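In the order they appear, the protein sequences are chains A and B.
Letter by letter, the first sequence follows residues 225 to 395 in my numbering.
Letter by letter, the second sequence follows residues 29 to 387 in my numbering.
Simulated from the structure, these hints should not be mistaken for lab results.
The model shown is predicted, which means the values in this text are computed figures rather than measured ones.
One or more hints might be untrue.
As the list claims (entries may be wrong) - Covered stretches of chain A (chain B as the covering partner; in silico rule of three or more C-beta atoms under 8 angstroms from a C-beta of chain B): (1) 245-257; (2) 288-297; (3) 377-390.
Claimed, not checked - In silico DMTMM-like links for lysine to aspartate or glutamate, alpha-carbon gap of 25 angstroms or less: (4) B:Lys117 - B:Asp106; (5) B:Lys37 - B:Asp154; (6) A:Lys249 - B:Asp127; (7) A:Lys394 - B:Asp154; (8) B:Lys183 - B:Asp356; (9) B:Lys117 - B:Asp127.
Idealized CB from N, CA, C, for every residue including glycine.
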Amino acid sequence: MATTILFFILAAIILGCAIAAVTTKRIMRSATYLLFVLFGTAGLYFLMGYTFLGSVQVMVYAGGVVVLYIFALMLTGQQDNKETHKIGLAKKAAALIASLAGAALFLFIIISHRFANTTLLENPSEQTTSIQTLGQQLLSTGQNGYMLPFEAVSVLLLACIVGALIIARKR
Amino acid sequence: MFDFSIVTKWFHSLLTGVMPEWAAIGIECFIVLLFIILLYAILAIALIYGERKICAFFQCRIGPNRVGKWGLLQVFADVFKMLTKEIIKMRQSDRFLHDMAPYFMLLASFLTFACIPWNKGLAILDFNIGVFFFIAVSGIGIVGILLAGWSSRSKYPMIGAMRSGAQLVSYELSIGMTMLTVILLNGTMQFSEIVQQQADFGWNIIRGHVPAIIAFIIYLIAGNAECNRGPFDLPEAESELTAGYHTEYSGMHFGFFYLAEYLNLFICGAMAATIFLGGWAPIYFPGWEGFNHVMSLIPGFIWFFAKAFFVVFLLMWIRWTFPRLRIDQLLSLEWKYLMPISMLNILLMALVVCFGLTL
Numbered sequence: 225m226a227t228t229i230l231f232f233i234l235a236a237i238i239l240g241c242a243i244a245a246v247t248t249k250r251i252m253r254s255a256t257y258l259l260f261v262l263f264g265t266a267g268l269y270f271l272m273g274y275t276f277l278g279s280v281q282v283m284v285y286a287g288g289v290v291v292l293y294i295f296a297l298m299l300t301g302q303q304d305n306k307e308t309h310k311i312g313l314a315k316k317a318a319a320l321i322a323s324l325a326g327a328a329l330f331l332f333i334i335i336s337h338r339f340a341n342t343t344l345l346e347n348p349s350e351q352t353t354s355i356q357t358l359g360q361q362l363l364s365t366g367q368n369g370y371m372l373p374f375e376a377v378s379v380l381l382l383a384c385i386v387g388a389l390i391i392a393r394k395r
Numbered sequence: 029m030f031d032f033s034i035v036t037k038w039f040h041s042l043l044t045g046v047m048p049e050w051a052a053i054g055i056e057c058f059i060v061l062l063f064i065i066l067l068y069a070i071l072a073i074a075l076i077y078g079e080r081k082i083c084a085f086f087q088c089r090i091g092p093n094r095v096g097k098w099g100l101l102q103v104f105a106d107v108f109k110m111l112t113k114e115i116i117k118m119r120q121s122d123r124f125l126h127d128m129a130p131y132f133m134l135l136a137s138f139l140t141f142a143c144i145p146w147n148k149g150l151a152i153l154d155f156n157i158g159v160f161f162f163i164a165v166s167g168i169g170i171v172g173i174l175l176a177g178w179s180s181r182s183k184y185p186m187i188g189a190m191r192s193g194a195q196l197v198s199y200e201l202s203i204g205m206t207m208l209t210v211i212l213l214n215g216t217m218q219f220s221e222i223v224q225q226q227a228d229f230g231w232n233i234i235r236g237h238v239p240a241i242i243a244f245i246i247y248l249i250a251g252n253a254e255c256n257r258g259p260f261d262l263p264e265a266e267s268e269l270t271a272g273y274h275t276e277y278s279g280m281h282f283g284f285f286y287l288a289e290y291l292n293l294f295i296c297g298a299m300a301a302t303i304f305l306g307g308w309a310p311i312y313f314p315g316w317e318g319f320n321h322v323m324s325l326i327p328g329f330i331w332f333f334a335k336a337f338f339v340v341f342l343l344m345w346i347r348w349t350f351p352r353l354r355i356d357q358l359l360s361l362e363w364k365y366l367m368p369i370s371m372l373n374i375l376l377m378a379l380v381v382c383f384g385l386t387l
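This is chain B alone, in the form it adopts within the complex:
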């Protein structure tokens, strides 16, 4: 597998050859920022198009097909429409907080986005406490939702924000527990190390067999809830709350919420791919030399994107198949079922690792 850190190290030494180190780091930070924003926009467009098409196929419709071939330009048209819309200023709202709330959502999703390992040696933030950092910064989004609901000074956003806060705080526990299960298996919290181990010893979902599969299913359920997507889309239940916490937003401020929602979906899928499905590690079967050789020729980031989009497809499938839950059902699902199951699952994984029963 090609190690991308060769390229980044070469670029760093090239820059430090002609300028002081702090200027080199500054330029590198700027390039990384451009990279993140560009990828963010491209992924959002791809995901919105994918969601509309997949949703249409699940509902026996065709989906967008007028703008461009197969409706490919539909999302661009929507983006330009949103950019030209007026941002409405309401008299009773707290303008400062109202304008700031979308940026909290963006901050949380940029920071979690930066944790993802794209390829061997290609990760933006690779702390030795990576998983912990990921869980910590994903909590910033809750502040954004609560502030959006509160500063709108309107009933629907308020109720939507309260529901959303309760939901996100609860389901974050399950996400943390499933990630702990994986940490137990790998013995490290660094994302690059987790993926490297999977490349060496096999994907976590196979290596950890029963507890890993249980953790993967719980992660999918909790991840869907973390992204505020159906069957857990209560915070923005259209039939009851018009649009939930972003009812009073218009123009690009609404666009930011929309963008962050879709990117959170991708981040959820990418994290599942990283910690369960081996990240950039290719498929290997012991003994099949020719097959393994062909698989290792495919670059790591293609493997990564394929796995991430596979999980994203699973999440969309769940969304367009199940009916919406009630708020009390939603909270009892987390606190009475998912939490105890994931706690027992950690115990099971600890026993499996302790007695060396991993595959």
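This is chain A alone, in the form it adopts within the complex:
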């Protein structure tokens, strides 16, 4: 009962802020609404008792991505211009088709995917996935281990850092 009420509150926040994020004309407000959407998603994870993923969501998106957006917007010094450009009919039609296609794909995946283990969701618990299991799976080389993706992501991040250094260094 309590979970259902909280789910609907969170869903309303997510939907409302997502619509506001794409309809607002000021880019900084858009970033703030996006932050609320991400918070709402983190709230859903906490509701499912998956605290690790919820914390990651808050850390990576609130502490990382949105701060990066805001920093970039501040540095480029773009004050929001209130006059909007006229959008042509062709562009409007293309946007409509793209969003309809996206919605269709999304609905298809939701409906056709059979969600396993719904009993877990009825009794959300923190103990379902402990941090020990997560850590061991992340660094295990055995079956279902995530050692290779983990290392691949590390190499990718290292490449990003080196690339940023090369772009930013003094010549």
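Model the placement of chain B on the given structure of chain A, informed by the hints.
The following block gives chain B in isolation, referenced to the frame of chain A:
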């Protein structure tokens, strides 16, 4: 040590006896909320008074002494003054974001405040990934500062917010690294477990000896920087930026920034007390039976507050002793010294734990 969860469990069963569970949880959430807000206000008043007195003593002054005995009512007078002040609306600012920015600061400090274990069995949020959650939610404050600076549409807040963003993002790394060192020692991320282990096997700063002391010093330096307090108070350097990111705020909106700043100081001290100085665990000396018995009679939350305020005093001492750094010195201190040292420190702690060299 008295286990407080007996009381909370009794209260929960009392409520569920007369109403459905969701209503009981709702009422409990409301009580917890009242508790947090009340404690928040009391601690802020105590800290502001303490800061003014301690600052005065460091500068060979007397400090507030006119309102009430020893100036005890000075802070209440200040609070009422701030509550009656007008909130100025500026024409060029982005009103929506400008009004919302202080609440981001409050959100971050409420969420981190809720992670603190006050006593055995008395913690509001006690996830099994507690430390990680703590670091994650403390990052929300940066968004508030950046939005405050940007939406003011003024030069000083903008520069203050940029400096503050750079500073907080950098020093968060050191905080995370020192906390990782403690996690290595205790093998858990749950705050209640960390404190329980310290109650059983001795405080972390003694159990982990050399690497723990290095981590504690780094934590104090980085914590001071995270709270935007001097010698790292560049974001609001009065002589250069008038007041930094909250220059354009007035009335209670400024009050919220002020409140969050002082509570962040307390949270920083409380976290240091929790992860290094044993939280609610009393002092024990092996062999001194009578002494240990007397110490265990003192309730856990008194131990906790004593330790937290001790660390807060250390932080205030640092603030009023050292001169302010320049922005490039500040960033090179973090990236060239504290970060490498704390990385090596993690390695050292891993070796110590691996070879069983803990005390």
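Evaluation of the provided hints:
Only residues whose beta carbon comes within less than 8 angstroms of a beta carbon in chain B count, and the region 245-257 of chain A has 4; three or more means the coverage holds. With a cut-off of 8 angstroms between beta carbons, the region 288-297 of chain A has 6 residues touching chain B; three or more are needed, and the interface restraint holds. Only residues whose beta carbon comes within less than 8 angstroms of a beta carbon in chain B count, and the region 377-390 of chain A has 0; fewer than three means the coverage is violated. Only pairs whose Cα atoms come within 25 angstroms are accepted, and B:Lys117 paired with B:Asp106 is accepted, the gap being roughly 22 angstroms.
With a C-alpha separation of about 15 angstroms, the suggested pairing of B:Lys37 with B:Asp154 holds against the 25 angstroms cut-off. Pair hint A:Lys249 plus B:Asp127 holds up; C-alpha atoms about 18 angstroms apart against a cutoff of 25 angstroms. At roughly 47 angstroms between alpha-carbon atoms, A:Lys394 and B:Asp154 are farther apart than 25 angstroms, so this suggested pair is violated. For the given pair, B:Lys183 sits about 20 angstroms from B:Asp356 by alpha-carbon distance, which is consistent with the 25 angstroms threshold.
Of the supplied pair hints, the one linking B:Lys117 and B:Asp127 holds, its CA atoms being roughly 10 angstroms apart against a limit of 25 angstroms.
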